[in-house]
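Participant: Sequence:
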Amino acid sequence: MSASLAILTIGIVPMQEVLPLLTEYIDEDNISHHNLLGKLSREEVMAEYAPEAGEDTILTLLNDNQLAHVSRRKVERDLQGVVEVLDNRGYDVIILMSTANISSMTARNTIFLEPSRILPPLVSSIVEDHQVGVIVPVEEMLPVFRRKNGKFCRNRRYFHWVTPFMIQNKKSLMPGKNYWQKGLMSSCWIV
Numbered sequence: 000m001s002a003s004l005a006i007l008t009i010g011i012v013p014m015q016e017v018l019p020l021l022t023e024y025i026d027e028d029n030i031s032h033h034n035l036l037g038k039l040s041r042e043e044v045m046a047e048y049a050p051e052a053g054e055d056t057i058l059t060l061l062n063d064n065q066l067a068h069v070s071r072r073k074v075e076r077d078l079q080g081v082v083e084v085l086d087n088r089g090y091d092v093i094i095l096m097s098t099a100n101i102s103s104m105t106a107r108n109t110i111f112l113e114p115s116r117i118l119p120p121l122v123s124s125i126v127e128d129h130q131v132g133v134i135v136p137v138e139e140m141l142p143v144f145r146r147k148n149g150k151f152c153r154n155r156r157y158f159h160w161v162t163p164f165m166i167q168n169k170k171s172l173m174p175g176k177n178y179w180q181k182g183l184m185s186s187c188w189i190v
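Counting with numbering that gives the first Met the number 0, you get residues 0 to 190 for the letters of the sequence shown.
By construction, these hints were calculated from the structure, which means they are not laboratory data. Note that the coordinates shown come from a computational prediction; the quantities given were computed from them, not determined experimentally. Do not rely on the hints blindly, as some may be mistaken.
Label pairs and their calculated CB-CB ranges [what the hints assert, rightly or not]:
(1) GLU47 - ALA2: 16 to 22 Å
(2) THR22 - GLY53: 26 to 32 Å
(3) ASP77 - SER31: 14 to 20 Å
(4) GLY89 - LYS38: 21 to 27 Å
(5) ASN87 - MET14: 19 to 25 Å
Idealized CB from N, CA, C, for every residue including glycine.
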């Protein structure tokens, strides 16, 4: 019997790009996608999740394919509520699929995976002293990602942004390929 997996996202995520990676290990019938903001209009999102002055924000992609800065506090509060509902439904695993640095969620009965707890130690253990290239999904995330993830390795890293919607345009992958061919990086991570 295949494990049941709930994928939890804040904004929209191109699941057609992600699903093939997961269905190698889990039956597609046992995978469900749950989205906090994806079904809401921009107006509804901003009415409920607009940040207050000086409040910490999360950058997310809404269903109009435009980015929005939303309140971290409000998103974390409501994500925890969704995690509790999914936990009570008996999923084996819940994955928070987000580039936001969220690490305060908890589940009682389910294995709960957060990228911010898994990726930094994993990447650090693999990369060690090598150069690493990092591809982030939105250009606006580059400064935040550089600042937040400087601990991945001691040497200089190379960053480039590509959204899953751009992958078909092979030119968008050229900077990473050029770094690789010049020997400037030995591994590449897509987040």
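Participant: Does each hint hold? Answer for all of them.
Facilitator: So, going through the hints one by one against the coordinates:
1. GLU47 - ALA2: 16 to 22 Å: 33 Å, violated
2. THR22 - GLY53: 26 to 32 Å: 43 Å Cβ-Cβ, so the 26 to 32 Å window is violated.
3. ASP77 - SER31: 14 to 20 Å: 18 Å, holds
4. GLY89 - LYS38: 21 to 27 Å: 23 Å, holds
5. ASN87 - MET14: 19 to 25 Å: Holds, since ASN87 and MET14 (Cβ atoms, about 23 Å apart) stay within the stated range.
This entry does not satisfy hints 1 and 2, going by the numbered hints stated previously.
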